[in-house]
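Student: Sequence:
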Amino acid sequence: MFSVLLLITLAFSVHITVAVELTFELPDNAKQCFHEDIKEGTPSTIEYQVVTGGHYDVDMALEGPGKDQVYKATKRQFDTVKFTASRTGMYTMCFSNEFSTFSNKLVYFNFQVGEEKPLPGLGEHHTAMTKMESSSDSIHNNLNTIVDYQTHHKLREAQGRKRAEDLNSRVMYWSLGETVAILVIFIGQVFILKGFFTDKRPMVST
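Letter by letter, the sequence shown follows residues -19 to -1, 1 to 187 in mature numbering (1 follows the signal peptide of the UniProt record, and there is no 0).
Calculated from the structure, these hints are not laboratory results. Among the hints, erroneous ones may be present.
[Said to hold, decoys possible] Quick list of simulated restraints, FRET-style, between CB atoms: (1) Ala145 - Ser67: 43 to 49 Å; (2) Asp129 - Gln13: 21 to 27 Å; (3) Ser117 - Glu17: 27 to 33 Å; (4) Ser119 - Asn85: 38 to 44 Å; (5) Asn85 - Ser117: 43 to 49 Å.
Beta carbons are placed, not taken as given, at the ideal position from N, Cα and C, and that holds for glycine.
When you get a sec, could you build the whole thing from the sequences and use the hints?
Tutor: In structure tokens, the structure reads:
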């Protein structure tokens, strides 16, 4: 049975930067919602992907304060949503698997609110950045890129492992079925051949 991975990473900064990374199981005929309070004018990014289950698709809807629809998609495998909050209030992101009657889904999403705060010390002076500061900023950006690549690699690895497990199960069941069929045919042939060579003599009464 494929184990469900659950990861929650929260990071907060002075500029109200919030990053939430979560992988959760979405049962069939179910709907799961997440809420985040966002201030007006704050840029946000949502990235989601179905890791395993069914046809790897899910319905996703994002609503702002007052039920204002910000984004809506049906039966998507993955997508990236970028938006700027038009109003201050609670934003609700819902994933729905209500169209599926028997397939559970494993869904990953990354919700980032606000811009990432620059490294300490950068931008505090009016002169150009020193070579050390420029190198530090470049290393910081490269590390963020590496983390993003690693996350996507883990998702692809989880998808591949799940598909391999499903294929292995199907091959095993097919092999068991063939084994049972061969045994039944073998036993049937034994009885048929035994019937051919059995001497059935009529009983004679004296």
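Student: Please name the hints from earlier in the document that this structure breaks, with their numbers sorted from lowest to highest.
Tutor: none
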